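Peer 1: Below are the chains, spelled out letter by letter.
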Amino acid sequence: MKDVYIAVCIAEVAIIGLLLVRLARGPSVSDRIVALNTISIQCALAVLFFAAFADRSFYLDVGLWMVSFSYLGALVWARYLERGLL
Amino acid sequence: MTTFWVLDLLCLAALLASAVLVVKLRNLNGCVMALSALGTVLALLFVVLGAPDLANAEIIVGAIALPVLYLIAIGKIRADVRDRGELGEQEARQDSA
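Chains as they are written, first to last, in UniProt numbering: chain A, 1 to 86; chain B, 1 to 97.
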């Protein structure tokens, strides 16, 4: 079962590579924002599966922080593109 | 080579790719987004290497606070340029495109 967990974790990191390609050559800023948020969510999922692999529940905390602050990052980008941060 | 090291090396490769993107992208928004992605992937690498408390700090600083600081700086510079009129708006648009 642990092999499945680490395999899913590796697959998430491979998806992060694909999303970095989209972040690099996204024609519009919306593509980049969606790619950035998806990278953050895939990182959180990778952390969850790595916590299941390593059998440490303390790692789940990091995934929780990552998800909540990726939402804050999306909010910051929306405000910046609307009228600037200050 | 165990699967753990495969995961470790893949994280390092994603980190290296996003770091190259920060330097190589010509779009300022894209640069800051690549910096944010670098912070997130670095937090994942910290978890993989067994430092979850450091990963918490890295999420706050690298994925949120540092891009926000850069965005504030970029906004201020653009407002400054527009006020003084030293650099034409056409040229700034060419730079950002």
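Derived by calculation from the structure, the hints in this document are not laboratory data.
Errors might be hidden in some of the hints.
[Unchecked claim] Simulated restraints, written as ranges between beta carbons of each label pair:
hint, chain 1, residue 1, chain 2, residue 2, range
1, B, Thr2, A, Asp31, 15 to 23 angstroms
2, B, Val22, A, Pro27, 14 to 22 angstroms
3, A, Ser28, B, Thr3, 35 to 43 angstroms
4, B, Trp5, A, Ser57, 19 to 27 angstroms
5, A, Val4, B, Leu28, 40 to 48 angstroms
Keep in mind that this is a model prediction, so the values were computed, not measured.
Glycine included, C-beta positions come from ideal geometry on N, C-alpha and C.
Peer 1: So which hints don't hold here, by number, going up?
Peer 2: Hint check: 1 fails alone, others pass.
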